[in-house]
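Go by the hints and put chains P and Z onto chain B.
Chains as they are written, first to last, in our numbering: chain B, 8 to 321; chain P, 8 to 321; chain Z, 8 to 321.
You may find that some hints are simply not true.
Identical copies go unnamed one by one, so any copy, or any two together, can satisfy a pair.
Claimed, not checked - Derived lysine-lysine pairs resembling PhoX-like cross-links, with alpha carbons at most 20 Å apart: (1) Lys305 to Lys288; (2) Lys309 to Lys319; (3) Lys217 to Lys34.
I should point out that these hints are in silico values taken from the structure, not numbers from a laboratory.
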Amino acid sequence: MKLSKIADFLGLKISNDIEIETLLTLKEATPNSLSFFHTAKYLDDLKSTKAGAVILQEEYVKYLPDDVIALITNEPYKMMAKATSLFAYEPSVIEDEPILQKGAKVAKSANFGQNVKIGKNSTVMSGCYLGDNVEIGEECIIYPNVTIYHNCKIGNNCIIHSGTVIGSDGFGFVSKDNSNEKFYQIGNVVIEDSVEIGSNCTIDRATLGKTIIKSNAKLDNLIQIGHNCEIGQYSIIVSQVGLSGSTKLGVGVIMGGQSATAGHLEIGDRAMVAARGGVTKSLEGNRVYGGFPAVDIKLWRKTQAAIMRLVKKK
Amino acid sequence: MKLSKIADFLGLKISNDIEIETLLTLKEATPNSLSFFHTAKYLDDLKSTKAGAVILQEEYVKYLPDDVIALITNEPYKMMAKATSLFAYEPSVIEDEPILQKGAKVAKSANFGQNVKIGKNSTVMSGCYLGDNVEIGEECIIYPNVTIYHNCKIGNNCIIHSGTVIGSDGFGFVSKDNSNEKFYQIGNVVIEDSVEIGSNCTIDRATLGKTIIKSNAKLDNLIQIGHNCEIGQYSIIVSQVGLSGSTKLGVGVIMGGQSATAGHLEIGDRAMVAARGGVTKSLEGNRVYGGFPAVDIKLWRKTQAAIMRLVKKK
Amino acid sequence: MKLSKIADFLGLKISNDIEIETLLTLKEATPNSLSFFHTAKYLDDLKSTKAGAVILQEEYVKYLPDDVIALITNEPYKMMAKATSLFAYEPSVIEDEPILQKGAKVAKSANFGQNVKIGKNSTVMSGCYLGDNVEIGEECIIYPNVTIYHNCKIGNNCIIHSGTVIGSDGFGFVSKDNSNEKFYQIGNVVIEDSVEIGSNCTIDRATLGKTIIKSNAKLDNLIQIGHNCEIGQYSIIVSQVGLSGSTKLGVGVIMGGQSATAGHLEIGDRAMVAARGGVTKSLEGNRVYGGFPAVDIKLWRKTQAAIMRLVKKK
Numbered sequence: 008m009k010l011s012k013i014a015d016f017l018g019l020k021i022s023n024d025i026e027i028e029t030l031l032t033l034k035e036a037t038p039n040s041l042s043f044f045h046t047a048k049y050l051d052d053l054k055s056t057k058a059g060a061v062i063l064q065e066e067y068v069k070y071l072p073d074d075v076i077a078l079i080t081n082e083p084y085k086m087m088a089k090a091t092s093l094f095a096y097e098p099s100v101i102e103d104e105p106i107l108q109k110g111a112k113v114a115k116s117a118n119f120g121q122n123v124k125i126g127k128n129s130t131v132m133s134g135c136y137l138g139d140n141v142e143i144g145e146e147c148i149i150y151p152n153v154t155i156y157h158n159c160k161i162g163n164n165c166i167i168h169s170g171t172v173i174g175s176d177g178f179g180f181v182s183k184d185n186s187n188e189k190f191y192q193i194g195n196v197v198i199e200d201s202v203e204i205g206s207n208c209t210i211d212r213a214t215l216g217k218t219i220i221k222s223n224a225k226l227d228n229l230i231q232i233g234h235n236c237e238i239g240q241y242s243i244i245v246s247q248v249g250l251s252g253s254t255k256l257g258v259g260v261i262m263g264g265q266s267a268t269a270g271h272l273e274i275g276d277r278a279m280v281a282a283r284g285g286v287t288k289s290l291e292g293n294r295v296y297g298g299f300p301a302v303d304i305k306l307w308r309k310t311q312a313a314i315m316r317l318v319k320k321k
Numbered sequence: 008m009k010l011s012k013i014a015d016f017l018g019l020k021i022s023n024d025i026e027i028e029t030l031l032t033l034k035e036a037t038p039n040s041l042s043f044f045h046t047a048k049y050l051d052d053l054k055s056t057k058a059g060a061v062i063l064q065e066e067y068v069k070y071l072p073d074d075v076i077a078l079i080t081n082e083p084y085k086m087m088a089k090a091t092s093l094f095a096y097e098p099s100v101i102e103d104e105p106i107l108q109k110g111a112k113v114a115k116s117a118n119f120g121q122n123v124k125i126g127k128n129s130t131v132m133s134g135c136y137l138g139d140n141v142e143i144g145e146e147c148i149i150y151p152n153v154t155i156y157h158n159c160k161i162g163n164n165c166i167i168h169s170g171t172v173i174g175s176d177g178f179g180f181v182s183k184d185n186s187n188e189k190f191y192q193i194g195n196v197v198i199e200d201s202v203e204i205g206s207n208c209t210i211d212r213a214t215l216g217k218t219i220i221k222s223n224a225k226l227d228n229l230i231q232i233g234h235n236c237e238i239g240q241y242s243i244i245v246s247q248v249g250l251s252g253s254t255k256l257g258v259g260v261i262m263g264g265q266s267a268t269a270g271h272l273e274i275g276d277r278a279m280v281a282a283r284g285g286v287t288k289s290l291e292g293n294r295v296y297g298g299f300p301a302v303d304i305k306l307w308r309k310t311q312a313a314i315m316r317l318v319k320k321k
Numbered sequence: 008m009k010l011s012k013i014a015d016f017l018g019l020k021i022s023n024d025i026e027i028e029t030l031l032t033l034k035e036a037t038p039n040s041l042s043f044f045h046t047a048k049y050l051d052d053l054k055s056t057k058a059g060a061v062i063l064q065e066e067y068v069k070y071l072p073d074d075v076i077a078l079i080t081n082e083p084y085k086m087m088a089k090a091t092s093l094f095a096y097e098p099s100v101i102e103d104e105p106i107l108q109k110g111a112k113v114a115k116s117a118n119f120g121q122n123v124k125i126g127k128n129s130t131v132m133s134g135c136y137l138g139d140n141v142e143i144g145e146e147c148i149i150y151p152n153v154t155i156y157h158n159c160k161i162g163n164n165c166i167i168h169s170g171t172v173i174g175s176d177g178f179g180f181v182s183k184d185n186s187n188e189k190f191y192q193i194g195n196v197v198i199e200d201s202v203e204i205g206s207n208c209t210i211d212r213a214t215l216g217k218t219i220i221k222s223n224a225k226l227d228n229l230i231q232i233g234h235n236c237e238i239g240q241y242s243i244i245v246s247q248v249g250l251s252g253s254t255k256l257g258v259g260v261i262m263g264g265q266s267a268t269a270g271h272l273e274i275g276d277r278a279m280v281a282a283r284g285g286v287t288k289s290l291e292g293n294r295v296y297g298g299f300p301a302v303d304i305k306l307w308r309k310t311q312a313a314i315m316r317l318v319k320k321k
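Chain B on its own, in the form it takes in the complex (with noise of 0.2 Å):
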């Protein structure tokens, strides 16, 4: 799409006209990608963004690197919101056949987008749906009514369960004046090599980039991945546990059961939350934490002893 489609549509100016592929981050943009600049936080991310254009407040176009066109509005993250729907997912009721490799075995009652690829020896079981251009690796289990959303990546001898939806749109809206406005999610799910994911959990997809779980991640039932969380290797996660969008687990992290985490924070390699721990900032790798908000998991015991001799003095 012609960058000068998208500036007509938002009401907006550009000095030069370019093709945009798609909408990305700040960070993770390609010369043929549009992204926003919303909060000063990111920018560090401004200032070495590899876009090819960035709506953005008047201020801080003197940031942009050489060659990136602005869009300038007071309104960044609004524009963006409206700038999605250029590129959302237009819904499909076409039931096509899947391209199978080798080996590959998929139920009668499956159902399949257009272009899905299915890999060597993978197995796809009754009332699944995969959407279009969904691919799935070798040597997979995809259990019954498992829903796998268009443009999602599954890698080598994954499991996923019944019930499970990978590939739900993210939770993005921008509330103006009683209003909540949709920001469409035109990322997609990533999940690598050897990750086992239980029934009835939802992986939502990104809202720009991708959602990744990385590989030998292994995650129990009801579990809430929200957008553009990283899961890394090995980790664990039990049952009912919610993270928010861009979360960062580290490697071998352990999540515990009904554990959640607010949005935008990382937490270290091999770090163990446990069981309820409620996560509201970046946490350091190799250490347990407990509670909410969640602390070293010995001074939450300390915080929990306190409390009863609160009440045993009288």
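Just chains P and Z now, with coordinates in the frame of chain B:
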């Protein structure tokens, strides 16, 4: 159904016979409905009910408006539960063709009960099931593997993501003498315009009457909405929230991730409940709450600080 | 399968060969089963096991009953995990016709593995998948898009709501040297009579043996029941509860909304855990508990009051 048939089934006497079309609460009741009164909390509703007949204890008969027929029993709740069995939905395996308005598209593998209507330009994707008499408005997207039970209504411009279940039974049992008798759930779910619901949510049908999600409300994933809840316009409900039966949210309420409410309470317009907040009583609007039991968030933060001071003194 | 074949696969020696039909815990084991001993906690079970053979460390061989064959290793848990791979379910895409008793009805779009039996007057609605050897009792309603994995058994008069998954794998991995090896889940789920299960629940199959939900238990929506749990008769489990593996609930236990348990513990008959209660150790029956870690609810309320006093003094 004749009231006399119901009375016979319950072993209760009536002074007059009328036609009963449905069962409703005292407040919602119409002249052709049967209602019940089982707790003094609803005495005002009893005094002003428009019901044709009411099941109640003898001592409250004096509060009944003129012409309302009394069915007298010592166990009105249990008797009403028994009466619901006469109105219970008979599950059907009939799969029929839906009635499509112009531009409506349904996937070949989507399944429909009888008398299902799909509005203009709406899309119903693979593997969905829409039960008898379901109505979908215009310009909706129903993603794959959604289930909508009989008699539920969806407005215009709604998006419902995969795995979500709308209209399953509310959780209602009469526990007595070590048994759990089913209170059949004979209401429905009504979803107004421009509502988006994430994946793997559960929206229970009303016990009597309707569960309602008002226009422009946005729900994330894995959310539980109990029977007879009312979700106000422009409300935002984040992932893994649980609303117990008959919770009423005002306009623009925000419920943070994993927050929850006890049942039969109201949260005022534009109130915000922080993540993990547990609401145990009605809350005023235009304020922010947190903690469990939920209190003003500033107070909750003070309690957290005070707990930390207990520990750090040592 | 010959024990010698298993021993060869594991690289372990045996003194005698027998036929092994399945793998079971020491307590449930039968003469044609292989078991394992990996923690001193189960020494009594070891001394009285009826297993045909046991994988264990050398120092514990002396506690084995006569005639039980020992498979000696320093890593019994890891070896047992490896042995489970020999008994793992081979996922199948075969869709067959179920065996229907008189009055049983199945929707055309429901899918069945091989050798599925549907009892008298039971109904299986659209889009359900019932795996190989599943048995459904009489007078059941299985609502649309339910998934029941192979070998699971449902009693009479049961109701299972949409999106619920019964029999998916328990969450079992052997974490060692930065890898997560799968402990294959070769048990099943048994649901007794008159059980109702809400929508989008997940009931995991047992690792070895069975996960069991006893008669008249009622489960709300979005509930996680871990592998090898035992839910007592007449229990009530409210929405979003999570029970970790091997939790045992007595008769008439009530678990409030979003409450949870750590694994391998027991809750006594008629105990009640209030909403959000987090049970970390076994609890006596006939009492009410609350808080996290869960304590007597009166004590929990006192702690809440004490915390508030801390703040109000200032």
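Status of the hints after comparison with the structure:
For the homomeric pair Lys305 and Lys288, the shortest alpha-carbon distances inside one copy (18 Å) and between copies (19 Å) are both at most 20 Å. For the homomeric pair Lys309 and Lys319, the shortest alpha-carbon distances inside one copy (15 Å) and between copies (10 Å) are both at most 20 Å. Proximity of Lys217 and Lys34 under a CA criterion of 20 Å is satisfied intra-copy only: 12 Å inside one chain copy versus 47 Å between copies.
Of the hints listed earlier, there is not a single one the structure fails to meet.
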